[in-house]
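2 protein chains.
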Amino acid sequence: MSKQFLINGTFQKISPFDRAFQYGDGIFRTFIVENKKPRHWKYHYKKIVEDCRAIKITPPKESALLSDIQLLFKAKKRAVGKFIISRGVSERGYKFNDTITHNRFLIKTKMPIYPNEYFKFGVDLIVCKQRLHPSVLLGVKHLNRLENIMARQEWKGDRYADGILLDQDGHVIECISSNIFMRIGKTIYTPKMNHVGIKGVTRELFIKIAKQLGFKIKEAIFNLDKLLKSDEVFITNSLFGVLQVKKIKNRSWQHQELASLFNHKLENLNI
Amino acid sequence: MSKQFLINGTFQKISPFDRAFQYGDGIFRTFIVENKKPRHWKYHYKKIVEDCRAIKITPPKESALLSDIQLLFKAKKRAVGKFIISRGVSERGYKFNDTITHNRFLIKTKMPIYPNEYFKFGVDLIVCKQRLHPSVLLGVKHLNRLENIMARQEWKGDRYADGILLDQDGHVIECISSNIFMRIGKTIYTPKMNHVGIKGVTRELFIKIAKQLGFKIKEAIFNLDKLLKSDEVFITNSLFGVLQVKKIKNRSWQHQELASLFNHKLENLNI
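Taken in sequence, the protein lines are chains G and Z.
With the working numbering applied, the first sequence closes on residue 271, and no number is skipped along the way.
With the working numbering applied, the second sequence closes on residue 271, and no number is skipped along the way.
These are calculated hints, taken from the structure and not from any lab test.
Each hint should be verified, as a subset may be incorrect.
When chains are identical, the list treats them as one kind, so a pair holds in a single copy or across two.
[As the list claims (entries may be wrong)] Lysine-lysine pairs mimicking BS3-like chemistry, simulated, CA-CA at most 27 Å apart:
no., residue 1, residue 2
1, LYS229, LYS37
2, LYS76, LYS56
3, LYS186, LYS61
4, LYS108, LYS265
5, LYS246, LYS95
6, LYS129, LYS192
Turn these sequences into a full structure, and let the hints steer you where they fit.
Below you can see the structure in the form of structure tokens.
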């Protein structure tokens with residue numbers, strides 16, 4: 001374990017009084033590290049700061065996070081980094097003192113191996129029965145992830161690459177581990193998230209690239225029917241980048257070249 | 001730390017891959033231990049089993065939990081026990097294997113010292129601005145507690161003993177760390193929780209005792225106005241037992257003897 005895990009830059013133990021462990025009181029962020037460099041770091045760090053502020057944790061300094069990455073990621077090979085920023089250690093109870101100081105955790109894991117077919121033919125999605133509920137913690141990638149975990153139990157194994165989550169009114173919001181887009185002609189739509197959902201870093205970069213490629217981008221409220229009638233569907237996250245969807249329910253899509261183009265651009269973004 | 005904390009019955013480290021730490025994927029339960037005996041254990045264990053099942057964790061055996069308590073609580077003095085049952089350790093990601101085995105954590109902390117005035121005169125409550133949202137995890141004492149933590153930040157220090165949480169429609173549901181009751185004559189009302197809220201063990205015992213004392217008990221939907229017009233308000237949890245409320249907003253109540261009677265009965269319940 002010791003080589004896979006840092007707390008505040010050292011190989012410590014996790015305290016049972018750390019509030020991440022006791023209450024999920026913190027935020028996290030997952031990203032690719034290659035050649036000791038975290039990919040799309042500027043965007044990830046910005047989101048770490050925003051998410052910490054949203055739950056009133058003083059954000060960690062960028063230099064501390066970068067130094068952690070240097071210390072833990074020695075190999076050139078692509079791997080996954082995950083920062084957890086917890087509110088820190090406190091006595092039992094929801095209350096904490098003003099003097100509390102956040103803890104930062106860095107975890108290193110292997111890069112997941114996605115089947116070649118994912119990129120060659122696209123992926124299937126399931127539509128989750130579980131609906132998203134509004135939350136006071138809108139948009140924050142916090143450590144309270146039981147709803148995602150319960151939704152992920154709706155199917156076994158890897159038959160579906162991800163599950164579509166709808167809100168209470170049946171509007172498409174996101175997937176359990178990714179954001180979702182649909183293309184209709186030269187316009188790309190992505191769900192408006194004004195009451196639920198998390199806007200990922202790759203979602204932001206996808207929008208940026210789509211504009212460069214001459215697409216119109218619209219945030220919109222739409223239901224599953226509309227999604228199924230679209231010309232093309234994509235999902236995005238920090239690890240697999242962009243994947244085309246080849247099947248949702250009985251609707252199939254032919255493989256197209258756009259997802260590959262997006263991935264190429266994503267890998268070569270100079271940020 | 002080593003004497004304050006057990007994992008699966010031994011003095012281990014917390015793995016950064018434990019899902020309680022990564023996602024709040026687990027449940028917890030707080031109770032008093034006195035003379036090495038956990039108070040109201042039958043009820044607490046029943047709730048541990050129910051909560052585990054609600055999020056599809058195989059519950060721990062009662063004998064394992066009781067043996068943990070024997071191992072960690074050596075003193076006769078009253079102290080606080082807290083069990084955390086996590087889904088266990090897995091790779092990064094919401095998915096987990098069927099073979100996953102739960103981890104049980106037992107934490108020992110000092111009994112909080114409540115001011116004598118709490119029991120002598122009653123306590124003040126604040127009404128939290130933050131509203132409760134419905135959740136798929138209705139009634140489960142799970143580790144996703146960021147909403148409680150955000151609500152607890154609405155006031156500093158101990159000026160208020162707890163904060164009242166309303167649902168989206170303004171109905172009284174519970175407090176951040178306790179359940180709530182109101183007495184009108186010989187009837188005691190407590191909020192109906194069919195979409196939000198957690199029914200605590202002491203809530204259940206309070207109802208039991210109230211019936212023994214000849215009160216009618218009703219679960220009902222009511223708003224703050226109704227609460228403020230009642231004859232007496234109580235809050236309950238496993239650590240302080242029953243407290244009378246002496247003030248909410250501009251409404252004050254005279255101290256009465258009922259809360260003390262409830263506490264006496266609670267301490268002497270033979271369960």
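Hints, verified against the model:
1. LYS229 - LYS37: neither (40 Å within a copy, 62 Å between copies)
2. LYS76 - LYS56: neither (35 Å within a copy, 40 Å between copies)
3. LYS186 - LYS61: Answer is neither: 41 Å inside a copy and 59 Å across each miss the 27 Å cutoff.
4. LYS108 - LYS265: Within one copy, since 25 Å is at most 27 Å while 53 Å is not.
5. LYS246 - LYS95: Intra 48 Å, inter 22 Å, cutoff 27 Å: inter-copy only.
6. LYS129 - LYS192: both (20 Å within a copy, 26 Å between copies)
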